[in-house]
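Participant: Keeping the supplied structure of chain A fixed, place chains B and C upon it in accordance with the hints.
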Amino acid sequence: MDHFPTSWGRQRNDAYDAYNTYPLHQRPNPGHDAFADSVQHTQQPIVTGTSVLAIVYKDGIMMAADTLASYGSLARFKSIQRLHSVGTSTVIGASGDMSDFQYLQSILDELIISEFTEGDKHELGPEEIHEYLSRVMYGRRSKMNPLWNSLLVGGKKDGKRFLAYVDLLGTTYTASTLATGYGAYIALPLLRTAVEGRENDLTEEEARKILEESMRVLYYRDARSLDKYQIAIVNDEGVTISEPQKLVTSWGFAEGIRGYGAQTQ
Amino acid sequence: MPDGSFAHPQQRQFNPYSENGGTILAIAGADFSVIAGDTRQSEGYSIQTRYAPKVFRLTDRAVLAVNGFAADGNVFVKKVKQRLEWYRHAHAKDMPLRAIARMIQTMLYAQRFFPYYVYNILGGIEEDGSGAVYSFDPVGSYEREACRAAGAAQSLVQPFLDNQIYFKNQQSLPGQSRPLHLPLPEVLSIVIDSFTSATERHIEVGDGLEMYVVLAKGRSIQGLESFRGVQELTPNPDGDRVFVIRRELKKD
Amino acid sequence: MTSIGTGYDLSASTYSPDGRIFQVEYANKAVENSGTAIGLRVKDGIVLAVEKLIHSKLLVPDSNRRIQTIDRSVGMASSGLLADGRQIANRARDESYSYRDVYKESPPLKELVQRMGLYVQAYTLYSSVRPFGCSTILGAIDKSGPVLYIIEPSGVAYGYHGAAVGKGRQLAKTELEKLKLSELTTREAVFEAARIIHLVHDDAKEKEFELEMSWIGAETNGLHLPVPKDLLEEADKKARDALEDYDE
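Residue numbers (the working numbering), protein chains in the order written: chain A, 1 to 265; chain B, 1001 to 1252; chain C, 2001 to 2248.
Heads up, a few of these hints could be off.
The list that follows gives simulated cross-link-like pairs (lysine-lysine, BS3-like), each with its CA atoms no further than 25 Å apart [what the hints assert, rightly or not]:
1. A:LYS160 x B:LYS1078
2. B:LYS1078 x A:LYS143
3. B:LYS1217 x B:LYS1093
4. A:LYS246 x A:LYS228
5. C:LYS2143 x C:LYS2104
6. C:LYS2180 x C:LYS2238
7. A:LYS58 x A:LYS160
8. C:LYS2029 x C:LYS2173
9. C:LYS2237 x C:LYS2207
10. C:LYS2229 x A:LYS157
11. C:LYS2110 x C:LYS2143
12. A:LYS157 x A:LYS58
13. A:LYS78 x C:LYS2104
14. B:LYS1079 x A:LYS143
15. C:LYS2180 x C:LYS2043
16. C:LYS2057 x C:LYS2207
17. C:LYS2178 x C:LYS2043
18. A:LYS78 x A:LYS209
19. C:LYS2173 x C:LYS2238
20. A:LYS121 x C:LYS2229
21. A:LYS143 x B:LYS1081
The hints are simulated quantities; they were obtained by calculation from the structure and are not laboratory data.
Extracted from the complex, chain A is given alone in its bound form:
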């Protein structure tokens, strides 16, 4: 309710204002947005990234994503980084709309700076970043103007590993193996088989191998993927995001597949 009496309008007073022409005090903010009807909300993602994978291992967490940003079925940008470090103990990986992801990067960057300038030596860890992100994502979905992403948030702070998911609806969950997009169908079963119950034993090398193999399977099956990918590690030493690396694949078998190779029958 608007508590300013001047916003309520007046009853007509024939005695001194027969035609209701006496100007009312104008309130600075009109109660509505005159352009509201013309404001468009995101209805669909445009330039998109595909799956992100992540697992917990002995010393921390590991995350992987290829470097492709697609425009529909067009492989539009082939060296886009989809893994991003936030502060000194967190990494986020994004699938979905890349412009929305870049927006998220900039607000997280600002968040980290505003915490840094406090000068109290407190730093946001992966749990706080994930909570913050989920508030942002849920807030935007509630305005029917979502940020079109599925994100993985991982990290390690004060010896505690953390891995969680958040998406455009504000849905959240944590698990020791996570995957977004097609990865949730194709790679996640492989990851669960390889990781579940072995979270405290897997070495960095083993973890890397598991992710690489899953990325390879995804590259074979996901038409919106690329054989160039990056791996992010968060351990006691902090965040490291690798240079893009190539997947080794062999397509020799394709020759023998009916409808794919050279056969005509």
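Facilitator: Then chains B and C, alone, in the frame of chain A:
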């Protein structure tokens, strides 16, 4: 277009809701209450995680189970907890169960035209020491009951509870009376059976089971001590007490 | 003070007949009565140091910091009214944010200082406000390397190799001039800064003080950070010893 496919430009609307499976239930005893839920969270045919709690301790005498759209559920529980904290700051005591129930209805109805897509079941102990269960629909309609199941397997579990708790469709032997309330060990067996059965027949139920037991102040522990893995959450055994019991459920 | 009683000093929006704005000059007085703050722009970094006068033994050590952080690699030391210094710091953070919002990179310090100069100067224009009672030293490493500025209550801002404001600024400037600032390393500058603060501190007049120092350089990964405790204590001790030799 001759086929008329572009005759009506159509807008795809963003759907702000999802459905994350799982099931919850609560049963009230004479001086206790059991509130339980499985821990699987899913979307479509995918299991998102095997452990996402749906049951939350609110006070020493109130436990809330939330089921439906997980994002709404988590936000809703967060807001309820915040309101309870404000209440504590203002009144230096915990909000009574029936007041929490009415507050939840107010909070749900406030979102009448953009509802929290969640089914709530509130269990605990009333001020008179009796066990109570309140169940809600997404927009705040609520009633006090003796038992309630909600969520994906509601249609499997509720008839079973009707039969076992309310003795529906049971013929009693001549001269034998039916108890108004069942004892705690029996209730816990019914809860476990409900979830193992729901896990068998419903793909969205499984992975883990969390059962909260709220015991009225000064009551005996009622055989709870013999339960495997029972864990007390309240620090003070002289007041109302809250326990949690965890069980594995099938993961397929 | 010839200005008193003439009426020209009651508002920042009124000149005196000889073209002065007394409110601004009074603001400078507030700075002159405050503990010294210095800044050193050296070969590979910036060092800020403050003589924080302790007016009560009941104060918690390390509280009421007069060196603040504006951005990842921008630090600020202020002299004068501490509360005004905080207001300026907050504004500087907002300016930094708004620049980054538009250009996706941190502002060059020169740009930030220009914007802050405009802000401070605006408080010398209206009868309804009072000019800021503090001088601000802003130091950073930006694209052009280490940079150092002072913003005065009037709104003017100049770049410096060595900056000093507050009570002991004259002596501090003399000492700074003796240094070959462009040849010093940041670590060496920490010791020089500590020495200067101790030197300009007037034991006879003033009570206790706390030495507060921060730095930006290769050793901090380009971040503005407080000088680590052990280094601060080492510099502090060395400065005290040097002072005793000096006195003898």
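Participant: For each hint, tell me whether it holds in the structure or not.
Facilitator: Each hint tested on the structure:
1. A:LYS160 x B:LYS1078: holds, 23 Å
2. B:LYS1078 x A:LYS143: holds, 19 Å
3. B:LYS1217 x B:LYS1093: holds, 15 Å
4. A:LYS246 x A:LYS228: holds, 5 Å
5. C:LYS2143 x C:LYS2104: holds, 14 Å
6. C:LYS2180 x C:LYS2238: holds, 20 Å
7. A:LYS58 x A:LYS160: holds, 11 Å
8. C:LYS2029 x C:LYS2173: holds, 18 Å
9. C:LYS2237 x C:LYS2207: Distance of about 18 Å is within 25 Å: holds.
10. C:LYS2229 x A:LYS157: holds, 23 Å
11. C:LYS2110 x C:LYS2143: Satisfied, since the Cα-Cα distance of roughly 11 Å is no more than 25 Å.
12. A:LYS157 x A:LYS58: holds, 14 Å
13. A:LYS78 x C:LYS2104: holds, 22 Å
14. B:LYS1079 x A:LYS143: holds, 18 Å
15. C:LYS2180 x C:LYS2043: The given pair, whose Cα atoms are some 10 Å apart, holds under the 25 Å limit.
16. C:LYS2057 x C:LYS2207: holds, 10 Å
17. C:LYS2178 x C:LYS2043: holds, 16 Å
18. A:LYS78 x A:LYS209: Holds: LYS78 of chain A and LYS209 of chain A sit about 23 Å apart, inside 25 Å.
19. C:LYS2173 x C:LYS2238: Status holds; Cα separation ~20 Å.
20. A:LYS121 x C:LYS2229: holds, 14 Å
21. A:LYS143 x B:LYS1081: holds, 23 Å
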